[in-house]
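Peer 1: Chain by chain, the residues:
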Amino acid sequence: AQSVTQPDIHITVSEGASLELRCNYSYGATPYLFWYVQSPGQGLQLLLKYFSGDTLVQGIKGFEAEFKRSQSSFNLRKPSVHWSDAAEYFCAVGGAKAAGNKLTFGGGTRVLVKP
Amino acid sequence: GAGVSQSPSNKVTEKGKDVELRCDPISGHTALYWYRQRLGQGLEFLIYFQGNSAPDKSGLPSDRFSAERTGESVSTLTIQRTQQEDSAVYLCASSPGGKVEKLFFGSGTQLSVL
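Chains A and B are the protein sequences, given in the same order.
All residue numbers for the first sequence refer to the numbering used here, where the first residue is 1 and numbers rise by one.
All residue numbers for the second sequence refer to the numbering used here, where the first residue is 1 and numbers rise by one.
Check each hint, because a few of them may be wrong.
Claimed, not checked - With beta-carbon atoms standing in for the labels, derived distance ranges:
1. Ile-9/A / Gln-110/B: 16 to 26 Å
2. Gly-53/A / Lys-17/B: 46 to 56 Å
3. Glu-14/B / Gly-16/A: 44 to 54 Å
4. Gly-40/B / Ala-1/A: 20 to 30 Å
5. Glu-101/B / Ala-1/A: 18 to 28 Å
To be verified - From the derived model, a few chain B residues whose C-beta atoms are all more than 10 Å from chain A:
6. Lys-11
7. Ser-62
8. Phe-65
9. Thr-78
For the record, the hints were derived by calculation from the structure and aren't laboratory data.
The beta carbon of each residue, even a glycine, is placed where N, CA and C say it ideally should be.
Work out the full structure, taking the sequences as your base and the hints as a guide.
Peer 2: What follows is the structure, encoded as structure tokens:
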């Protein structure tokens, strides 16, 4: 069965500092991997996705993520955080028909940004 | 419509009552998903519809939960005899042909069971 673990429930970072959110997954085949952001009162917005090819993927809002098969990880990074990045971030895995075409989400990491 | 539409946006009900939540997917999207998000937690998969195929109901937590979808249109999630632990945001998503890389989420229905 597929699963996703986001080890950090909360992260506090100063504005302008770098951010890294961890994501580890379990999946029986080559995974499709996603990061979503959920701002207060907003719906889920896709930040970036990985299917194949270059293991470093670029997303919106200056985010990037790196797929490391050997570590079963797909960590999200941003070099310089803005106050508007305060939100909850979800990592997800899925995509193959054998998995029912549904995404499995991690528990989320809430990011707080200090001025 | 331009996006996935869910109604109502908020629903407050008493324990033991039945509720119906509605989802209007993006036109042309054959796949429709329901997820549940409890406070402070991640999204839990509930059910998946793809065209005229039998739905994947593997995520429904109990027989109090059911969902219907006619063709490729509106879906209704019904919770019977609601319990306090059913309080959550219920999110609907749709995609063309079941492609999860093109998944679009609605804003959700906040359900509060008193």
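Peer 1: Evaluate the given range 16 to 26 Å for the C-beta pair formed by Ile-9/A and Gln-110/B.
Peer 2: holds, 22 Å
Peer 1: Would you say Phe-65/B is clear of chain A, with no C-beta pair closer than or equal to 10 Å?
Peer 2: Answer for Phe-65/B: holds, closest chain A Cβ roughly 16 Å.
Peer 1: Find the nearest Cβ of chain A to the Cβ of Lys-11/B and say whether that gap is larger than 10 Å.
Peer 2: The claim holds: Lys-11/B sits with its nearest Cβ about 16 Å from chain A, beyond 10 Å.
Peer 1: In this structure, is the beta-carbon distance linking Gly-53/A and Lys-17/B contained in 46 to 56 Å?
Peer 2: Since the Cβ atoms of Gly-53/A and Lys-17/B sit about 50 Å apart, the hinted range of 46 to 56 Å holds.
Peer 1: Non-interface claim for Thr-78/B: all C-beta distances to chain A beyond 10 Å?
Peer 2: holds, 20 Å
Peer 1: Are Glu-101/B and Ala-1/A spaced within 18 to 28 Å by their CB atoms?
Peer 2: Holds: the Cβ-Cβ distance is about 21 Å, inside 18 to 28 Å.
Peer 1: Can you tell me whether the CB distance of Glu-14/B to Gly-16/A sits inside 44 to 54 Å?
Peer 2: For Glu-14/B and Gly-16/A the Cβ distance comes to about 48 Å; the hint holds.
Peer 1: Using Cβ atoms and 10 Å as the threshold, tell me whether Ser-62/B really stays out of contact range of chain A.
Peer 2: holds, 19 Å
Peer 1: That 20 to 30 Å hint for Gly-40/B and Ala-1/A (C-beta), does it hold up?
Peer 2: holds, 23 Å
In this structure, every one of the numbered hints holds.
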